[in-house]
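Undergrad: Spelled out from the first residue to the last, the chains are:
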Amino acid sequence: MGAAILGNVKLTVGWLYPDLMNIYGDRGNILTLLKRAEWHGLEPNLVELGRGPAPSEMDDVDIFFFGGGQDREQALIYDDLREFKQEPLQRAVEQNGAQVLAVCGGYQLLGHYYQTADGQKFDGIGMIDVTTQAGKKRFIGDVVVRTEIDTLTPTSLVGFENHSGRTFLGSQAMPLGKLMVGHGNNGSDGTEGAVQGNITGTYLHGSLLPKNPHLADYLIGRALKRRGGGALSHLDDSAELAAHGWILQRAQRR
Amino acid sequence: MIRKTAAVLAGKATGTLSRITRRGGGTTLPGDVARVIDPKILTLLTQDLTHGSIVITGTNGKTTTARLVSWLLEGAGHKVVANRAGANLIFGATAAALNKAGPDGRLRADWGVFEIDEASLPRAIDEIQPRATVVLNLFRDQLDRYGELESIARKIEQALATLPEVARPVLNADDPRVAEIGLSLPRPPLWYGLDDPSVASKTLPHAADARTCPRCGASLIFDAVYVGHDGVYRCPNNDFARPEPELKATDIKLDGFDSLALTIKGTRIEMPLGGLYNCYNVLAAYATACSLGLEPGYIAERLRTFKAAFGRQERVEFRGRHLVLVLSKNPAGFNETVRTAVDLAGGKNFIIGLNDRKADGTDVSWIWDVDFEQLKGRADLVIPAGVRAYDLAVRLKYAGVKAEEPQTDPGKALDLLIKNTNEGDLAYLLCTYTAMLDLRGELVRRGWAQPYWET
Ligand SMILES: [Zn+2]
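These protein sequence lines map, in sequence, to chains C and P. Per our numbering, the very first residue in the first sequence carries number 1; after that it's consecutive. Per our numbering, the very first residue in the second sequence carries number 1001; after that it's consecutive.
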């Protein structure tokens, strides 16, 4: 498909806790990054970052993915994240320029804290300036966002949300986009997701990247910059954009 | 008592009305109406049963297992009340009981066999007080509707713990979530499980979602994987393992969607139902029937002539083409039906149908956990269909599967399938619940299939 303009350039995707933080079809995001890298003529490589000491390959990761899990799974990774992954993750992002995509539970854990309904606070690792508190009603349904990332075409992002957390952005974080349809971060300020430096957090799944190939390529492109890579080849995204457009159309009808 | 009779009559009138207006199967409206008039109606009606009730739950296999249990009881001369496939909420069970109640408000039957969805099980146990409760499996399913698996498992455990000693639960030992529930009960349940390494795989599929030890949180070690996360597992720290099944299925033989054979404690079962996942359903029904006192020899004999329920391996013939309809509604289920179709039946032509209505689950992200990669290079024709056909097309593209243009119109999907399927060949329709209803509705319109309320 894509021309191998970059030739023999590796793209390494690091999946944080693939066996535990994998709810809501998170695998779709991983498959999309790997397949598109291949179609762009890159050499895709997946590093699975399970519980325990971080493997040395963690330093090679270009794009980290951090998905959501159920309560039990989330509790199981909570200490491990702090003990083994936080430091190499911070190093990779701040010094190596690696990208991070975090969805739902992963998004919350990268923030300052998560506060439960009874006021108990669970500290996140504070890599993005957001805080989350439990909400009563679960937000479930289609979401359409007009993104704030100015290089993206189309400017819309589509997905599905299913969360009860209410996330609020601090001054360091920019929203990923403005809501056209759905509840987004907190159901009150019209924002969805957060972008801070190399980190993108969001509640969108569905999965997110398969129906938003432009966001997938944006992440791949930014990750490659640190390798001195040029522009990505142009892929045939008609299937992906048809699925994207189908959600847009349905959202408009409602 | 007057209140019960009034509730029954009101419910029955609603039932007649909804049949006349052809709302079709799975309607729970009579149950809704009767429960408003008398909230205890289900308890009162099931108390009329001469023998009692059996409640069956689990993410996958409820309908088939309930059918199997009813089939066995009916063959032994019992009159059975059962709810329809899809009407597995408490209202559906109530509607079924109402339907068989006489004008005096009495339910005249021997047994109630109710399939109940996982989230409704605690309430069903409380209201029905079943003689046997079967928990088949707990897989990830329809996250938007049920919330999280964890809290459901805990509620099921609490409900089972309230049952009297005679109502021994029948539980799948091979499912770590179900085992966790059963091991916490005050009295040991009747465990069943598969025991045949020749049909097991060694690795967990991507859809597996119960991988950790409930005691210490370590990742479980699987010595055998049968379906989804169901298999033979143990914790590396030795504090949790698959309970030893009292009833085991051995010497399993599978022939596509056509038949299966297995041996349980020396009794050979051979029957016209296919797929490894159905071995679990057959074993669960066998265990239940045994616990109710039916003889193994009778069970084996009766199962030979079993017919599958609507949309569960139903066959439709059209001008020499054989269409096989198989409901596939979540990752664990889909992986098994795709595996059975491709590996065991050598299937080449497919419609994959995905809807996102309430009964299907409105969140379709789970399709990314299905290993559609199994179709790559092996299927000749794959048609993405249903309301979310476009999402399926993307999924198939990233699985490396060559697929046709997405078809949101069921008629067009069928036309494309027939056009590209030779006479005498088989084609498989693997669909979520309402996607199956849509396709089947089209088959009925064309006169290829009977309306389901007549089957
Ligand atoms: Zn353990």
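Simulated from the structure, these hints should not be mistaken for laboratory data. Quick caveat, the model's predicted, so the values are computed rather than measured. Warning: the hint list may mix true and false statements.
Interface residues of chain P toward chain C, partial, derived using beta-carbon atoms under 7 Å [as the list claims (entries may be wrong)]:
#1 1216
#2 1318
#3 1366
#4 1368
#5 1371
#6 1373
#7 1397
#8 1404
Calculated cross-link-like contacts (lysine-lysine; reagent style BS3-like; alpha-carbon spacing at most 25 Å) [stated by the list, open to error]:
#9 P:1202 / C:137
#10 C:136 / P:1202
#11 C:10 / C:35
#12 P:1358 / P:1412
#13 P:1412 / C:35
#14 P:1202 / P:1376
Here a beta-carbon is modelled for each residue, glycine too, at the ideal position from N, C-alpha and C.
Undergrad: Which constraints among the numbered hints does this structure fail? Numbers only, ascending.
TA: 1, 2, 5, 6, 8, 9, 10 and 13
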